[in-house]
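Student: The residues making up each chain are set out below.
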Amino acid sequence: MRDEYRLGDLAARFGGRVVGDPECKIRGVATLEEAGPEDLAFLTNPRYRDAAEATRAGAVLAAAGTRLPGRNVLEVPEPYAALAEILELFHPPPSRRPGVSPLAFLGERVGLGDDVQVGPFAVLGDSVRLGHRATIGAGAVLGEGADVGDDTWIHPRAVLYPGTKVGARCVIHAGVVLGGDGFGFATSKGRHRKVPQLGRVVIEDDVEIGANSAVDRGTLGDTVVGRGTKIDDLVMVAHGVRIGPDGLMAGQSGIAGSTRVGRGVTFAGQSGAAGHLAIGDGAVVAAKSAVFADLPAGSFVAGIPAVAHMSWKRAQAVLRALPELRARVRALEARLAALERQEKGD
Amino acid sequence: MRDEYRLGDLAARFGGRVVGDPECKIRGVATLEEAGPEDLAFLTNPRYRDAAEATRAGAVLAAAGTRLPGRNVLEVPEPYAALAEILELFHPPPSRRPGVSPLAFLGERVGLGDDVQVGPFAVLGDSVRLGHRATIGAGAVLGEGADVGDDTWIHPRAVLYPGTKVGARCVIHAGVVLGGDGFGFATSKGRHRKVPQLGRVVIEDDVEIGANSAVDRGTLGDTVVGRGTKIDDLVMVAHGVRIGPDGLMAGQSGIAGSTRVGRGVTFAGQSGAAGHLAIGDGAVVAAKSAVFADLPAGSFVAGIPAVAHMSWKRAQAVLRALPELRARVRALEARLAALERQEKGD
Amino acid sequence: MRDEYRLGDLAARFGGRVVGDPECKIRGVATLEEAGPEDLAFLTNPRYRDAAEATRAGAVLAAAGTRLPGRNVLEVPEPYAALAEILELFHPPPSRRPGVSPLAFLGERVGLGDDVQVGPFAVLGDSVRLGHRATIGAGAVLGEGADVGDDTWIHPRAVLYPGTKVGARCVIHAGVVLGGDGFGFATSKGRHRKVPQLGRVVIEDDVEIGANSAVDRGTLGDTVVGRGTKIDDLVMVAHGVRIGPDGLMAGQSGIAGSTRVGRGVTFAGQSGAAGHLAIGDGAVVAAKSAVFADLPAGSFVAGIPAVAHMSWKRAQAVLRALPELRARVRALEARLAALERQEKGD
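The listed protein sequences derive, respectively, from chains C, G and L. My numbering puts the first residue of the first sequence at 1358, with every later residue one more than the last. My numbering puts the first residue of the second sequence at 1358, with every later residue one more than the last. My numbering puts the first residue of the third sequence at 1358, with every later residue one more than the last.
One chain only, chain C, in its complex shape (with noise of 0.2 Å):
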């Protein structure tokens, strides 16, 4: 039997307040379109404003000043971040299995801390370090001397080059891959000869990275994703990166060597950044764009190149108004002929 809560007991713990019934009582958290009479609906996204009144949810979760008539909402403050804590109330997360599957192969010298989980299959290559409560999923392969923080996840089939480092309650999906080879060669007479890539890579605490993402090793120094920082599925991030604290990465985004990104910066859906770049802190790539040159803190870009968001909107307006543009050009040209003719004609 699920837990069961007051609408009203529900608004105190979240800091919200209720428009509507305090004493409707609510078991589960569902979409708008799927949602009964006892589960609370969500509504942090006004495309979804006719869902929402069509829905036959118990209560709406919802910014304060949403009016849906008739309804029980919550409102609260932020809905989005008030959802992952409603979320994380009604479905804690799937409890851990400690222990070292016996399928698992452990090299010398690894370091388990207490309530471990290691799944079959399995590799821990030698001097491996894994944290208090770390979890690694059933064929993971950690290479000799990584190092796992407290509470990290790493999923099913992960790849852990030798020596990487990955911090405390990191979220490390299935088919990642850190610690590869940066694409370094030294190209003479047209033939590629491979620099040897020795750094490391350093994912520091409270990082999530998405299915199938790869970051390589440093050729010296480390590439490095900073605490906090969310990254997607199918992202690239490339040799000698250096990425900033709570930063976001959309799916199949990617950075070429060498970058440098600040604090709190956001790439875009298959959105890049070339090498050798600085990239300032709080700077927004949109979708798509791809930046070619360093950005001051705070800019929001978009385009190929990147160009301040404005440009790029009045640079894509004039665009459609090109061949209109390329009339009124006609038609002064045929107006000029006519007076040039008169004139001539005086």
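Heads up, some of the hints might be wrong.
Remember, identical chains collapse to one label, so a pair may be satisfied in a single copy or spanning two.
[Unchecked claim] For lysine to any residue, the following SDA-like pairs were computed, each having C-alpha atoms within a straight-line distance of at most 25 Å:
(1) K1670 - P1653
(2) K1670 - F1657
(3) K1546 - A1369
(4) K1670 - P1602
(5) K1670 - E1681
(6) K1522 - W1510
(7) K1670 - A1631
(8) K1670 - S1656
Simulated from the structure, these hints should not be mistaken for lab results. This one's a predicted model, so the numbers in the text were calculated from it and none came from an experiment.
Since chain C is already given, all that's left is putting chains G and L on it; use the hints.
Tutor: Just chains G and L, lined up with the frame of chain C:
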């Protein structure tokens, strides 16, 4: 020894017509360049006409009306579809070897259909269910409660997170990750807090997903890939996306969170769509394009942001003509200035 | 204890010249920021000149003619190539541990060269052949009949589908998938029917392929990556593509089906090419660009669709100037109208 077929018999079997010698013996299928006198080659793209004229093949499979003087031609209405059938005739799929490897790991309450095949080091978590004749490759990991339909093939090292559902007759290639957490974070005071991702991934029947692609689980509802949709390599489908039946997503394309994609929609290579959009039935998104707004059914769009393909073509043409337009404006300015001077002088 | 070299001896060894003190002792290589007085740092990109002036390094490796007053400089004609050699001197590759793990699975008729190394949970299917000193990482899966050349390194969890051939001295990084089915479907009445993919993937000698990249098998012919070509992470090479020798494909780039790529072609990051094209020797495709037509040898192209880089630069400049051009047209219209009124008034 390989089977041998009369060209005339192949024509009868596949609803075609022989131009040339129906007695010609065919023992295999090969490319135009590599075919020998006992091979059938195929011409499905007019770019390869020269190769078709130079081929050593005994006969060429081609669309009705293709003229290849002096060659035996097997004319069919849909050559590429006929090729699929003919290849199956000459190259039956590799024989399966039913059985569960003693080196696989099976959790508790695993349900196995008849004649399943499970490779070494595969992991089937608790309560996993495999349909009849399902094939699980070496090192694949199926999380707790994952469900795989009849005749589905999961290639080596694919990962299905707990609760993932894959239909019948699907092909999931190596390295695919289904059900990783969606990229959902609530940002407050610059810090990103994880929103639990509790939905599932549901792959309907007859879907194929290429190597190293990733489909994320929804936040609350499911992420769904519709029946018969084919997905290429390194594609990303974000949380809460719903893709209709019979779609195509080519390599390195991606769809951001919660977007609804209709029936028979095509995403060409390296294209993408932003989140929370509605994309109508039969829409086609050109390669390298990005959809930032809803698309009506039957749209054919290109560009960043994607616009109607015709508008995109026109904009490209105008762009190329811009230097000339600028020159015309300069000429107008000079002529007008001359006229104005003259007028003043009058 | 690390080896120690006189700077003068390094110069003699690598064909360079010392500016400063040839007696300077070098015990390691480090970045400009991290180097100490016994380290050699390197300056291969003029962006880092300030760091080179501030470094604590005992000496700096740089191109001939680089002026760094007061510093010991090791001048060489090709600093990046010299760096590769010097790194190999100071950091010999990790020692291998020949032997087949008792936890690996070997099928029937597997052929093993001398001194191969096979990690735990690796799978070698029937008739797999490994050359001398081949290294197969933990959890890698080599399908039936796969063939790996001498001195090749297959990193953990790479997958070679049946029949894949990899040459000598290759490096295949973690998560790479070679030989997955090409994306070939015959569409009839809106349904997509799989065209069997029967060709192979052939990787020639001295190729490197980065983490989580995918190369698909051809429909009938082979997909080929030419000798010495280097491929970065998350790159896709579709079915039937043939890439010449000595090419470069940077991160997240991709090539669609059947395209032929010449010798020494460069695809920069996140670039792509459509299918069925011919791309000439030495062509360079700029980052984030998309090639939609054949390219002659020596092309340098950018944009979507990719055009000559100079044209692309010019178009960018004109685009930026568009608002001003529009203003000029508006001014012309006003002046012309005034003139016309005046003329009428005459």
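Student: Please go over all the hints and tell whether each is borne out by the structure.
Tutor: Evaluation of the provided hints:
With identical chains, the CA atoms of K1670 and P1653 are at most 25 Å apart both within one copy (19 Å) and between copies (23 Å). Taking the shortest alpha-carbon separations for K1670 and F1657, both the intra-copy value of 12 Å and the inter-copy value of 22 Å come in at or below 25 Å. In this assembly of identical chains, the alpha carbons of K1546 and A1369 lie at most 25 Å apart only when taken from different copies (21 Å versus 71 Å within one copy). In this assembly of identical chains, K1670 and P1602 lie within 25 Å of each other by CA distance neither inside one copy nor across copies; the values are 29 Å within and 35 Å between.
Within a single copy, K1670 and E1681 get their C-alpha atoms as close as 18 Å, and across copies as close as 15 Å, so both meet the 25 Å cut-off. Taking the closest pair of Cα atoms, K1522 and W1510 come within 25 Å of each other both inside a single copy (13 Å) and across two copies (23 Å). Taking identical chains as interchangeable, the C-alpha atoms of K1670 and A1631 lie at most 25 Å apart whether they share a chain (22 Å) or sit on different chains (17 Å). Taking the shortest Cα distances, K1670 and S1656 sit within 25 Å of each other both inside one copy (15 Å) and across copies (23 Å).
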